[in-house]
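Q: Sequence:
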Amino acid sequence: MTEAARNEQDPPVGEVARGAGFAVAPGTAKRPGVLVAMPFDRALLARFKENFPTARWRRKLRRWFVPGTTAEQRADAWIAREISALDAYGDDKGRDAYAFEPLDSSYLTAEPEALLVRTPYSRTVVETLRTIPFAAWTPEIRAWRVPWRSYEALKEAWAVIEEAAAANEPAARRARREAARDPAAEAERRRRRHPVPRGDAPPLGAAVEVAGAGVVVFEALDDAPITETEALAHYPAITAPGPLVWGWWRIPTPAEIAGTMPAAAPDAPGRGWWPATRTGLEERRRRLRETARAQATRAAKAHAKDAAAESGPARP
1 MTEAARNEQD PPVGEVARGA GFAVAPGTAK RPGVLVAMPF DRALLARFKE
51 NFPTARWRRK LRRWFVPGTT AEQRADAWIA REISALDAYG DDKGRDAYAF
101 EPLDSSYLTA EPEALLVRTP YSRTVVETLR TIPFAAWTPE IRAWRVPWRS
151 YEALKEAWAV IEEAAAANEP AARRARREAA RDPAAEAERR RRRHPVPRGD
201 APPLGAAVEV AGAGVVVFEA LDDAPITETE ALAHYPAITA PGPLVWGWWR
251 IPTPAEIAGT MPAAAPDAPG RGWWPATRTG LEERRRRLRE TARAQATRAA
301 KAHAKDAAAE SGPARP
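191 is the number that this note's numbering gives to position 191 of the sequence shown; each next residue is one higher, with no gaps.
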């Protein structure tokens, strides 16, 4: 994928692949145990929970933590049994099915050991591939590896994957942005202000969510009610009664995002703001990473250009 690891965590330190999409990483001295990564498969997950009832899901690492000083030996034994139980002819059947009815797509590469899926980043693509048995993200090659035994499952889901990937190509995203452009609304958003009820204003200095701008931090509130009716037309979602005032906001820092407890859902979207939700925080975190990468790329290009200018033309 060109940017498919955008929301994926790097593997834990010391993680060792066990094959077939399984991997094990050590715990810590304070918490002895192991972190277990495995392909997504409902039946496999049920067997895992049956064998390791004390295991707990680590959402940030996307790994299962199995506690205990003998956890590694027990996990390795279970993984070995699961791998040995895989259909010995599954990969051959998948290769035969591909030869008979291949998927022809620029997003798919057929390798001797597995199928590789590379697409522009799309949450739909990621969520769909996670439903494919034994499919696993491989950060070293920035691609999803799908074993041949899972070819039929991949073929069934391929229309969804390919449609989402095509919709997230840079040209397609640019076309959607151009089609949806509203110069007046863009100019209003650049002012970084948002109408809020004077009697139910957001807390200053805390990350909250607003319609359109996402998760922001309000720094100041006007005293006088808003009289600009044309400007208010850009905020149709606000239905709260009473006088509205302008609240002036900024983009939160990564530390502020990390320190915000997410709300389950918007509590009163009609007033124009609500406590930040998990979805809103994740979207803001993703955009901050995009901005940081873009800034780093621009800085590197500028540095390279300056270095080339200082070195001057090569002398004969």
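Note that these hints are calculated values from the structure, not bench results.
From the three backbone atoms N, C-alpha and C, an ideal C-beta is built for every residue, glycine too.
Misleading hints may appear alongside valid ones.
[Stated by the list, open to error] Between beta-carbon pairs, the in silico distance windows are: (1) T28 <-> P269: 36 to 46 angstroms; (2) A180 <-> E156: 43 to 53 angstroms; (3) T291 <-> D222: 38 to 48 angstroms; (4) D104 <-> T253: 22 to 32 angstroms; (5) I141 <-> H303: 42 to 52 angstroms; (6) A17 <-> A180: 35 to 45 angstroms.
Q: Hint by hint, say whether it matches the structure.
A: Verification of the supplied hints:
1. T28 <-> P269: 36 to 46 angstroms: 42 angstroms Cβ-Cβ, so the 36 to 46 angstroms window holds.
2. A180 <-> E156: 43 to 53 angstroms: violated (32 angstroms)
3. T291 <-> D222: 38 to 48 angstroms: violated (28 angstroms)
4. D104 <-> T253: 22 to 32 angstroms: About 46 angstroms separates the Cβ atoms of D104 and T253, which means 22 to 32 angstroms is violated.
5. I141 <-> H303: 42 to 52 angstroms: Violated, since I141 and H303 (Cβ atoms, about 28 angstroms apart) do not stay within the stated range.
6. A17 <-> A180: 35 to 45 angstroms: holds (43 angstroms)
In summary, the numbered hints that this structure violates are 2, 3, 4, 5.
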